[in-house]
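Engineer: Protein sequence lines, in the order shown, are assigned to chains A and B.
For the first sequence, my numbering assigns the number 1002 to the initial residue and increments by one for each residue that follows.
For the second sequence, my numbering assigns the number 111 to the initial residue and increments by one for each residue that follows.
It cannot be assumed that every hint is accurate.
Unchecked claim - Calculated lysine-lysine pairs in the DSS-like style (CA-CA distance at most 30 angstroms, straight line):
(1) B:Lys144 to B:Lys284
(2) B:Lys211 to A:Lys1066
(3) B:Lys260 to B:Lys284
(4) B:Lys284 to B:Lys211
(5) B:Lys260 to A:Lys1183
(6) A:Lys1183 to B:Lys144
Since the hints were derived computationally from the structure, they do not count as laboratory data.
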Amino acid sequence: MTAEVLTPAITTQRPITLAVRAAHFARGNVLFVVGGCIFVAVVLGAILAPLIAPYDPTAINFIDKLQGPGVNHLMGTNDLGQDIFSQVVFGARTSLMVGVVVISLAIGIGVPIGLLAGFFGGRIDTVLMRISDVFLAFPPLLLPIAITAALGTGLFNAMVALAVSWFPWYSRIVRGAVMRVKSELYISAARAMGVSSVRIMLRHALPNSTTPIIVQGSMDFGYSILAAASLSFIGIGAQPPTPEWGLMAAMSRTRFIDNWWTVTFPGLAIFVTVLAVNLVGDGVRDILDPRHQSGH
Amino acid sequence: MSEILLEISDLRIEFRSLEQTVQAVRGCNLGVVKGEVMGLVGESGSGKSMTALACLGLVPPPGHVTGSVRLDGREVVGAPEADNRRLRGSTAAMIFQNPGKALNPFFTIGRQLTDAIATVRGLERGSAERTAVDALTEVRIGDPALAMQKYPHQLSGGQLQRAMIAMALSCQPKLVIADEPTTALDVTIQAQVIVLLRDLARVHGLTVLFITHDLGVVGSLCDRLAVMYAGRVVESGPVDALFANPAHPYTASLLRAVPMLGRGRMTLTQIPGTVPNMAAPPPGCAFHPRCPIAQPRCASDDPASRETAGGRTVACHFPLSGATAPAALRGVAS
């Protein structure tokens, strides 16, 4: 017979990397760009905080207490004379750290549970998911409050508490993705090649389930910052003198009527950061998951 | 007689649910001799894919398997999963219908081939990678080195099926099970893949169980043929003899339903009726409601498979022979 050699149907075009897709997406999406710019600014602010902040955020100066926003103190000072602008800048570090830690912990707990439940199914699935459901049964902030009450107050405990109450969402998402991937032919093909279950789970099921994890993580980042600020506000999160936005708002809340700047600027910082993170999160979802894309 | 590599006897696969029990395979008997290409033909739902999966112990969970499948002397049915896993890839490898979905979209072709070879043959990565390139060369992929770096979505269906064949062959299995490997491909690509499989089978002396519903493919590729209907083999034998003188009315009807150039427009016939509901198969011979020569006995008495001359088997009370075939079934292979 003719030993025909086929030229591969391979195009020479530039490979469509994530960066290329993101650039293409950004071109038509103003909100994503705006959110991205604010987020980058917040990150830079957090990294360069010692260079940007004009004062030590914890330095107490009773002579300058409760100054309005002005040349010396851009956002004014609080009742201890601490510079609010410096506190807000250093607060970005706390908030970003909280977002990263909470989401990482939630993924670290939730993903293995969802992976095992979805891949093996049956009783393993039932047991793991019912355990996860217990954590979902509580109203969103009640469980962290209870956990912090048990573990003791403090920023670290608050982050652990948030992650513990958040992980079931990741379990569920991963479980769903894995169950969908599990029925794919390449899983059967791998089995038919004699690949072990654990290897199939880690090498085939997990990598093909990562997109929804990344999407959910980027969406939750903002909420976890907000939730941590809420915990700090009610006094069971960050403790003074940690520069934390929720805590700053809480410390000055009685002065809000007379000295509006004491509460407004930390509140604005939370608002702007969470908004920016969510805009970026929406964009990440649209880039990674084309099904959600609104026609553009 | 040469050595039998795969022997399936009285294989039964049932899927039980509260409402019904579906008998996907009902007493299938099949032997594949070392070095031959065995065709397994049947309509959708005749149990041919399930039979193939049972050969590797891969029938999905609710399926209940009984009977015997001996692969290279080892019993597969009821064997521990760990034992069966060692057979897969090394003793028997499978090629699937849809190559686009049989490869993981997350990794390159090269990575997946190398992984498979390293796992199954226990080679270290460097030599596994060289084996992978050699295998891709052998399946006539243009520029194997380039294909190694490609992701599945960057290759065409034909290229992917070649890669799948390369993966199966590079693990040096004794038996290749090909489950409709050409069904999802264009007709021209189909022909290329079949030629490739035939050449590879000849060069390497491969034993192949080739599952298809395309009798044309069987004619050009297979040495022997087994025809499945409603979960059992109704006829088997050498392809030429079976095509020339089908003994089972179902085989005869199948052959008449194959479009063939030069046979005119009107001779293409369909088999009346549909494949029986496997939750409630008809009593007696499963084919009798659709059989043009059915007798009262066929409705009550299930015909056992009998051996006939020339290494053939047939499961029919009234097998056809060239001379006695009724007009409705005659002139099939002339």
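Engineer: Confirm or reject each hint.
Structural biologist: A quick look at each hint next to the structure:
1. B:Lys144 to B:Lys284: holds (8 angstroms)
2. B:Lys211 to A:Lys1066: violated (68 angstroms)
3. B:Lys260 to B:Lys284: Holds, because 29 angstroms separates the two Cα atoms, which is no more than 30 angstroms.
4. B:Lys284 to B:Lys211: holds (25 angstroms)
5. B:Lys260 to A:Lys1183: holds (23 angstroms)
6. A:Lys1183 to B:Lys144: violated (34 angstroms)
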